[in-house]
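Residue numbers (this note's numbering), protein chains in the order written: chain A, 1 to 488; chain B, 489 to 971; chain C, 972 to 1073.
These are computed hints drawn from the structure, not numbers from a lab. Treat the hints with care, as some may be off.
[Claimed, not checked] So, partial list: chain B residues that the calculated Cβ filter (under 8 Å) puts toward chain C:
#1 Leu575
#2 Pro592
#3 Ser728
#4 Lys755
#5 Pro797
#6 Ile801
#7 Gly827
#8 Leu828
#9 Glu833
#10 Thr845
#11 Ala867
#12 Leu873
#13 Pro895
#14 Phe899
Backbone N, C-alpha and C fix where the C-beta goes; we use that ideal spot for every residue, glycine too.
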Amino acid sequence: MSNAEVDALSADWEMVVGLEVHVQLKTRTKAFCACSTEFGAPPNRNTCPVCLALPGALPVLNAHAVELATRTSLALNCSVQPVSVFARKNYFYPDLPKGYQISQFDKPLATDGWVEIGARADGSPIRIGVTRVHMEEDAGKSIHDRFPGVTAIDLNRSGTPLVEIVSEPDIRSSEQAGAYLRVLKQILEYMDVSDVSMEEGSLRVDANVSARRRGETKLGTKAEVKNMNSFFGVERALEMEFIRQARVLKSGGTVLQQTMLWDAGKNEVRPSRTKEGSHDYRYFPEPDLPPLVLAIDWIEKMKHDMPELPAARRARFATDYGLGEYDVDVLTANPHLADYYESVARASDDPKTSANWVMGEVLAQLKQSEERIDAFRVRPADLAQLLGLVRDGVVTLTSAKRIFVRMIATGNPPAQIAEQEGLVKVDDTSQLDAWLDEVIAEMPAEAQRYRDGEKRLQGVLVGAAMKKSKGRADPKMLNQLLVERFTE
Amino acid sequence: MSNRASSAAAMRNAVMAGNSSPTAAVASAIARANDVGAGRDQLNIFAWTNDDDAREQAKAHVELMNDTTPGLLLGVPVAIKDNIATLTLPTTCGSRILDGYVSPYEATVVRKLREAGAIPFGKTNMDEFAMGSSTEHSAYGPTRNPLAPDRVPGGSSGGSAAAVAAGIVSVALGSETGGSVRQPAAFCGVVGVKPTYGRVSRFGLVAFASSLDQVGVFGATVDDAARGLRVVAGYDWLDSTSAELDVPEYHEASTATVRGMVIGKPKEYFPDSLDPRIRVHCDAALEQLRALGAEIREVSLPNTAMAIPVYYIVAPAEASSNLARFDGVRYGLRIEGDGLRGMYEATRSHGFGAEVTRRILLGTYVLSAGYYDAYYRKAQQVRTLIAGDFSRVFASGVDVLFTPTAPTTAFPIGAISDPYEMYMSDIFTVTANLAGVPAMSQPIGRVDGLPVGGQFIASHFDEMKMFTAAYALERALGDKVRA
Amino acid sequence: MPVSIDDVRHIATLARLGLTDERAASLVDELNTILGHMDALSKVDTEGVQEAIGVGARGTPTRRDEGPPIPLERSLDGFAPSLRDGLLLVPRLSSHEVTEEA
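Assemble the whole structure, with the sequences as input and the hints as a guide.
Given below as structure tokens:
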């Protein structure tokens, strides 16, 4: 969706955006206590003295959260710091039990990275700088609409590990913001560090937006935009905020440093009623946790053990499997699909046909059933076997598609289904002739016209015979027999 | 000896020999508490007691008596400061904001006590959230010094010091942030130990200033304190600042000698303004140690004068954050007001006393935008210099330092109203907390009948040397200096 | 830098402490007196001195990503001031407060 007013204003004004992305890390237990991070437990069930902030309780850092945060940092090309420091961010809110959030402030886990989001017309890559990646804990949930007149607090989420990924103000359009988020999400999926679902709240985005006259190098006054709950929402919110600021500047006004809230329903941004300057978080080093010290060897090992990044996988699919750009993009969209395809391609030794099947039958099925590929009933090895049956002439392509449907329903291997359902290809001449005899008897007029030279009716007659065979007949042989029959 | 509790070692031996039992020990402590008038309108030593609960816990300990390796505190009643989480008695930190709060989990030190055969006996009164040096600032009223009931017992662990001084228990737990065990030990004529930061788990100790807090131990004697510390010390994975080091048998220091030991006398702790009557006792103690073969060496810790300013920035800053959790949402006091903000403000202003309020505001101020560098960062830098003073002295071959524990003896209740004057009570004790080194106070004499405390300070995790010196000095000075 | 009554009001708000006018006024003096003693620090040369944070050079220990959590001997309804259907209740936030940290 392009916005005409954005386009018009963009002639003179430039949008400048930096994004702050919070990502819930996929750990079994919370960042600083051993409570489960499982979603959907009864309210306040997953709590303990630590995440309830009972008097005297102390935090102990989850090693796996450190691993996932480090992997994230490395995937974003950041320098992981051998020493980083946890800090307390102090503010009162009923879903923040300690009255402070354990975060990192002036010594974050990682700094100075970048993400490549595409290429310019001249082929040079567009990179968005990553200022820092730091670890912190999530707050609980405030529920305002459950009971009249009161706010209800559920602390199950309190203490879930997060990383905050802060970008440089390198983003110049809503499209770039969308691209950055999609690339970031894909990288996080490939790193297997998070469920990265904006809808479920495991990925949350805040934006710092400013506008400036084209050619200006200084940054304008920024507003913070919050409350977006989809990538689409982020793009629209940035456009509306840019329009608002550019209008202000155009009319000679000044942009206020303030927090704006996106209202997806009304498609507008409006100022939050937070008093500016009321935020004084009084950060100081968390005395309950000594600094996080990571050995250089350990960081190197994390680098070495990192899963393949999307860009590397795309390059490999293109060269190893000879796939075109479109196929590569579709098949590498997420790591599970890429894994699936790659398993089929390797087992079948036929990357092209595998690609056609995965992009065709498999994706169509997943779309229809709204399943995830990693939970798909048809195992890659079985799909590869099916492809082998077609290649070896054991079943026809038509039968293969029916077998595939049965595989989804039963989970059985394709050879077994072909056998049980009698879908093995028929190439016995007498049986094929018998089907042709039936067709000619049932369609005498068409048979006569074909005999008289109306060759395009060959397909109709063969098709009818195929149908009689329930798709098992070898179509090549049927055609041949039909031609032979009328040229005698 | 009838006015004193039996020593921890004697009680354990009696239980093992079948001459006593945990139940009898508890009964005797209850009787003693009644005799001395430990109750609310008398000495006011305890914030919370439950005699039936103590008896029950004692009964449960009977099975431990036949254990092949009986715990070091088998059958010993131990009083516990009201800021250490216990399952059966309330944990209220001497504050209205926690009135009636019973912790649903137990502090590591309390578990260790029980496992060693000790019987938790009462929660002792304290300055609210350990902020004070007199135990006058408790929601439950002031505790009186058993040796001079018109005077304070010191603080903030005044109730624990008084429980030992009154002979109710021979061992008690306190907590230290800036001298809250050593100073009341000095005022009450008992032994008080602040171990190295990280030696004892803080899990379950309600935080005042996390980088300074440490559970401490009171004993009627050096041996009682040594055994108490041995039991509660040790690594605990639930406290990320706890040290993964073996714990020595501190009571074995009783047979060690101070011959050849170098004892430093830091000149900054003996200023010209020091009360000459306290100086005399310190000099006499040093003379005893010299006579026993120790070398006394004059040393300097030049940044000592900065300790009080540093402490009264760092501690309130951390406290302002640590006490944010008392918000009326999940536990403790809640007073409704106008909306959420009104509830917060009503709860906290009614729940916290004047000194706690003052320190929260002070701490909030020194951390707030624009003041952090001038106050908090600067204080943490000077703290490094103070710690460096100790490292340098100990690296130069000094084994332990000896100083007065407090600049005065126990003062009358109500005598000090100026906050800063009260802060100066900690002048000789805060340095050990800032540097994280272990220190202990023991009685070295009397002035006008009031006890005077002498302090040993050792290097990190070198408590053994400190105990060696303390045992030797205690033997040399004899029984007359005790409570 | 003396503390003003506005400073006291501001930090009291940050700390969520309700103060009467009388108390606020006396706190101005109390804090200024205390901070006056702290000014001695500004004379200490701390050029290049590290801040004292953390103990030991080994860094914070970590735990394995597994349960069980520390058990609660009494559940939330044993100590929470206001609870319904397992949820903690607080006065409804004003719209100003709703957006404050959302």
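Hints and how they fare:
1. The restraint placing Leu575 (chain B) at the interface with chain C holds, with a minimum CB-CB distance near 6 Å, inside the 8 Å limit.
2. With a least beta-carbon distance of about 4 Å to chain C, the hint placing Pro592 (chain B) at the interface is held under the 8 Å criterion.
3. Annotation: interface hint on Ser728 (chain B) holds; nearest CB of chain C at approximately 5 Å, less than 8 Å.
4. Here the hint on Lys755 (chain B) is broken, as its CB sits about 19 Å from the closest CB of chain C, past 8 Å.
5. For Pro797 (chain B), the interface hint holds, the least distance from its beta-carbon to any beta-carbon of chain C being 5 Å, beneath 8 Å.
6. Against a cut-off of 8 Å between C-beta atoms, the interface hint on Ile801 (chain B) holds, since the closest Cβ of chain C lies about 6 Å away.
7. Of the supplied interface hints, the one on Gly827 (chain B) holds, with its beta-carbon coming within about 5 Å of a beta-carbon of chain C, less than 8 Å.
8. Of the supplied interface hints, the one on Leu828 (chain B) holds, with its beta-carbon coming within about 5 Å of a beta-carbon of chain C, less than 8 Å.
9. Evaluation of the Glu833 (chain B) hint against chain C yields a held restraint, the C-beta minimum of about 4 Å falling below 8 Å.
10. Checking Thr845 (chain B) against chain C by beta carbon gives a least distance of about 6 Å; that is within 8 Å, so the hint holds.
11. At its closest, the beta carbon of Ala867 (chain B) sits 6 Å from a beta carbon of chain C; the interface hint therefore holds under the 8 Å criterion.
12. Given hint, Leu873 (chain B) at the interface with chain C, holds; its Cβ is 6 Å from that chain's nearest Cβ, closer than 8 Å.
13. Hint status for Pro895 (chain B) relative to chain C: violated, with the closest Cβ pair at about 16 Å, above 8 Å.
14. At about 20 Å, the closest approach between the beta carbon of Phe899 (chain B) and any beta carbon in chain C exceeds 8 Å, and the interface hint on this residue is violated.
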